[in-house]
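Add chains E, W and P to chain L, keeping to what the hints say.
Here is how the chains run, residue by residue.
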Amino acid sequence: MSLLFGPGSWAWEPSVLIGLLATSVGYAVLVGPLRRRHHSGERVPVGRQLCFYAGVLSVFVAMVSPLDTIGDEQLFSAHMAQHMLLTFVAPPLWLLGLPAWMPGLLARRDRLARVGVRLTRPAVAFVIFNGTMWAWHVPFAYDAALRSEPLHIVEHLTFMATAVIGWWPVIQSWPAADDDPRPWRILYLFLSTFPCTALAAVITLSPRQLYTFYANAPLQLGVSPMLDQQVGGLLMWLPADMILILAALIVGNRWLADQTGRYAQGHPPKVATSE
Amino acid sequence: MTAQAQAQAHPYGTASEKAGILDWVMTVDHKKIGIMYMVTAFAFFLIGGTFALLMRLQLAQPNGRVLSNATYNEIFTMHGTTMIFLVVMPLAAGLGNYLVPLMIGARDMAFPKLNALGYWVFLFAGIFLYSSFAFGGAPDTGWFSYAPLTEKPFSVGHAMDFWALAILLLGLATTTGSLNFIVTILQLRAPGMTFGRLPVFVWTILVTSFLAVFALPSLTTAGGLLLLDRQVGTHFFNVAQGGSALLWQHLFWFFGHPEVYILILPAMGMISEIIPVFSRQPIFGYKAIVLSAIAIGILGFTVWAHHMFATGMPNATLAVFSADSFLIGVPTGIKIFSWLGTMWGGKLRFKTPMLFAVGFVALFLVGGLDGVHLAVIPVDWQVTDSYYVVAHIHYVLFGGAIFGLFGALYYWFPKITGRMMGEGLGKWNFWLMFIGMNLVFMPMHVLGLLGMPRRIYTYGDGLGWGIWNLIETIGAFVVALGILLFMVNFVVSLRKPATYEADPWDAFTLEWKASSPPAAYNFAEIPTVKSLRPLWDEKHPDLADWRVRE
Amino acid sequence: MRFLKKELSVLALTGVLSGCAGSPTFLTPASPVAQDVAWLYRIIVYMAAVVFVLVEGLLIYSIFRFRRRSDDRVEPPQLYGNPRLELIWTGTPVLLVATLFVLTIRTMGAVAAPPAASTDIQLRIIGHQWWWEFDYPDLGVVTANELHLPAGAAVHATLDSVDVIHSFWIPQLSGKVDVIPGQTNTIWFQSDQPGEYHGQCAEFCGLNHANMRIKAVVETPAEFDAWVSNQKLPPPPAEGPAEQKAFDLITHGICSNCHALGEVPPPPPGQPEKKLVGPNLNHLMSRSVIAGATYELTPDNLKRWLQDAQRMKPGNDMIVKLNPDEIEALMAYLTRLK
Amino acid sequence: MSSQALAARPRDDGKERTALYIVLAAEAVFFGTLILSYLYLRVGQFDWPFNHPTLSQLIIPALNTAILLLSGVSAWGSERAILEAREGRLRLGLLVTLLLGLVFVAGQVFEFNRAGMRPSDQAFGGVFFALMGFHALHVLAGIVILAINLVRAFAGDFSPARHMAVSLGSWFWYFVVAVWLVLFAALFLI
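Chains as they are written, first to last, in the numbering used here: chain L, 241 to 515; chain E, 30 to 579; chain W, 8 to 345; chain P, 13 to 202.
Simulated from the structure, these hints should not be mistaken for lab results. Think of the CB as a built atom: it goes at the ideal place given N, C-alpha and C, for glycine as much as any other residue. Take these hints with a grain of salt, some might be off.
Stated by the list, open to error - To give an idea of the interface, some chain E residues facing chain P are shown, with a C-beta separation under 7 Å as derived from the structure: (1) Trp172; (2) Ser247; (3) Ser273; (4) Leu276.
Stated by the list, open to error - Distance ranges between label pairs, derived from CB positions: (5) L:Leu467 <-> W:Thr165: 54 to 62 Å; (6) P:Leu193 <-> E:Leu86: 29 to 37 Å; (7) L:Asp383 <-> P:Pro61: 17 to 25 Å; (8) W:Ile261 <-> E:Gln260: 49 to 57 Å; (9) L:Leu359 <-> E:Leu75: 20 to 28 Å; (10) P:Leu75 <-> L:Asp383: 27 to 35 Å; (11) W:Thr97 <-> E:Ser97: 26 to 34 Å.
If we strip away everything but chain L, and leave its shape as in the complex, we get:
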């Protein structure tokens, strides 16, 4: 209990709060009044809007709730949970909330647009996202981030930014018209499980402490450092893979749906039998 509500367990970091608030308001204005005024695009379904706010909420949970404090001071596993929220939960939710026309607004600045298009090519996005993921888990990088607050902020920002890039090829291009055929997206998600599984496996199966910071962190909430590290690895292993598989199935489902029309959805013909 004291962990959840005790003094200093919630990190009311103003910069984070302001950032989240600004994002939500900005979004609300963009999809609401501004859109109506400038007819920037078709209205965004409520469900999609909720997705976006859910994304913001998950960042709130990651950065403000005790998860943050515990992760920063005591448990690798908590820190991993935080990173999972920042990379595998929030970004896809944001993108779900993003109507196709919104990046279109930015695209008016065509230099920016060109960069964006380059960065979000599947191959490029794949490398950027997973590269960042791996780079930050190199022990000295990870420990450094834990020791210096600014670096830690950079870490989290890069995680979120690259995650958005990484999820872009999966989510953004629908409902917008399709340039790359959907099956590639299933393959993209399938291949994305590999770097995750690999990194998680190295962490989970490591017979020794990888991150000195947690090796000699204070009170461990009764969890042995080794167990903490294994749980951390597993938190990356299964959830990440499951989210990717789920995404692959959703993509596949929609794709097959309009490949087959109502065929697969089970509507028996009007005529029963032919004599």
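Chains E, W and P alone, transformed into the frame defined by chain L:
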């Protein structure tokens, strides 16, 4: 024999008109290559089966004297390696080679020469592996060759080098084959053949090919490192020098678990073609079946550690992998129910292919259920590496894969040869195999529970294992008799005059539009596809699947 | 046919549950751990049986119900699918496996640690190709293949291998744990019922994997203590020239290449400790089994072993050729190592 | 054979490209498992020689990396050249890439010996041998492809319309470069 069979006059000119031996050696035609794959694989199937019979004879009673321990270990290793790498995979590859282009309305595979190369590499690898018998003994460390038993100090001689090299070659062959399938299916589909209209069998071949392409590299790494250890003197698996014994298991099972689906998915695809035709219904829940195949495929890459539950992993890790493994039961269940749903409300014709397909469902269910038991970790600690696991893999790979393949052979035989397989012998063949396989493998569950470890060449009496082993041995010979009948049936049917009937089963998919056997170019004109069942649409214009959308 | 199969499995299960003629099965458990697992297994088997009967039942029903009459040429109404149904049969398995998972976790927790307040035995289990070495560090006793345990004591064992991967398995006492070179695994088990239990190496470990067995003897604490104090006795002095000859063979002769007799003498300075690939011969005759618990240890078998070990256990490491009078001498002395 | 001729279909374009992408992805998994084997051994093993690499240890690998990066640029140049129908530049690009590749391999061999490492030195000796060796093999394969392309280029076999072989060759080369960057980081920097 197929050659001579097809050498007779054919209305359209067949894939193998006056096919002389050279014609076969030089061919790049996907149909001939497919046939060669199947014939070769079946030959290996007979060898691997003989090994099984020898093992059963040795184990028929306590302290058996039929085989020495050395011979027994070679034989069970070669049985496993053969059945997995030289029988089930190439049989599926053969059928795929023959059927995929026909089913998607293409005239050949994307890379015909590469296709031929793949076959010849496979054949060479098989022969190379078996030549080890002539060079101081065959591999004898089990089909998953755990290090450090495979290292120089414990496996003197060259057996393991033969094994590793053969595995690398087979990996190469399979990769080229899979690559070919992928590109063919992605690029050469007939107009209108959208992914939503791909026959389920083509889908499973596609998924399988992706699994193979991305799982085999891990096996290649394992084999390569093993060879380095044995030949160059590195220490990847040598604990004394900073290596690791478990590294092999991680590398192997990262390949090994997807491999299980590489073996079973095509068979699932085959019966997903057979059951609808003989139930006179479309496959029930096409989308669900396709997606579950994809789900199984991806999940398969995340669960390898469940083959290592007894290696002393921490409980947290065990729990996660247990959960992960349970999940695979779900898409598998979806498939089984979809097959039931396809039969439900249909009008079932029990020709031999349908018998085998239904047999698949009945037997695979058992393999699925006892497979779930293996994910229950405390139980797994008791039954893993016991005969319980042997029972499980055989219900999946014999009751599953082999039954599916036999059904497929009966189903597509008329397409390949222009003749029907004998129904009477076919039914005998099925029932003998069905009864026999249950006699062999159901008691293995019991033996596992009674504490009999796998891979032992002998056992003492007084353990209560004798009777069950005896039943199994009897069953094994019943199965053998069934397979003998298949061969008789095969030869007799080939000697019958050909009818060249294009569509004897009143089937649904494109391959039955081509002549039997198909002309070298498959289709005079490439058909345009409007639904999953183009032939049904043709035969029932008013009930056409594509109309159903209006 | 499917009926016959069901009968078979039922028959099998009952056969197993009734402990099938002293088979080493965890379904007739002799330890709390095995008991919990047996309980869990029964649950999941019954769950599986329900699913089995249900699905096979559906299959058999539709086989008979929907068989086409020979004269029937009309196509059936075409049914393409049913999202609601598909949802149901996706959801049900999810619930089933979720239940299984909970059961799994519960049992794992239950068998994780020994009950408090039970006497403890420390044990080092060392796997060799192809025999087991049992070392009781606290008691100063080392023996082979025949494992003695006092009833009611919690055994805390560490497992190491000197060569390849083995797996330690005494079904009625505990599940398997792999014995892996370079990695020390641990296991605990406890038996409350005195008796003899069959165990065996469960991970294929080469030529004689089948002949790497364990005879576990659980006895009353009194009997166990008696056994221990006997095991601590030094080997008896050799009497007469024959025994002396044997004694020399064992301590300095050919036998000493692989075997020790009692206390292992420290290696001469500058030389590494000799790696003993064979069991310690002291108290040989106190064991009832030989050659990886493959044979009863009777004087006859011992003699046959000395004459031609390769015939009894092909491929084992004992490849010496002993001449008849050496064998006679050895028999005379070894049979006194009670 | 006839079937082969008939197999040519409008949708055939991109066959080779698709195939190459898949091959490269599979190759990536292969190197991935190799690197994982190394990491798995390394986290379990404490006397890793490059735990705190000194500059002198890094200098030659770094030079090699630079060389390979350069070759990547020239490979890219050659592809651009043929698209712009500048055959001279194409030949030059191919040639430069090929030579740089050879220099790189030589450098690798030199480095491996200079480090005084043998494949049989502990596990890490094998790791270096396997990772550098398998990569070097791929570089050599790339060099063979380049050589063939070079010959064809001198035979004037390429044109903006006929550049598939060049593009595929370059793609393979980019892959080889990328893999080395990862290997360099994995072996020497972490």
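Cross-check of the supplied hints:
no.: 1; hint: Trp172; verdict: violated, 20 Å
no.: 2; hint: Ser247; verdict: holds, 5 Å
no.: 3; hint: Ser273; verdict: holds, 6 Å
no.: 4; hint: Leu276; verdict: holds, 6 Å
no.: 5; hint: L:Leu467 <-> W:Thr165: 54 to 62 Å; verdict: violated, 20 Å
no.: 6; hint: P:Leu193 <-> E:Leu86: 29 to 37 Å; verdict: violated, 58 Å
no.: 7; hint: L:Asp383 <-> P:Pro61: 17 to 25 Å; verdict: holds, 22 Å
no.: 8; hint: W:Ile261 <-> E:Gln260: 49 to 57 Å; verdict: violated, 35 Å
no.: 9; hint: L:Leu359 <-> E:Leu75: 20 to 28 Å; verdict: violated, 57 Å
no.: 10; hint: P:Leu75 <-> L:Asp383: 27 to 35 Å; verdict: holds, 30 Å
no.: 11; hint: W:Thr97 <-> E:Ser97: 26 to 34 Å; verdict: violated, 51 Å
Of the numbered hints stated above, those contradicted by the structure are hints 1, 5, 6, 8, 9, 11, listed in ascending order.
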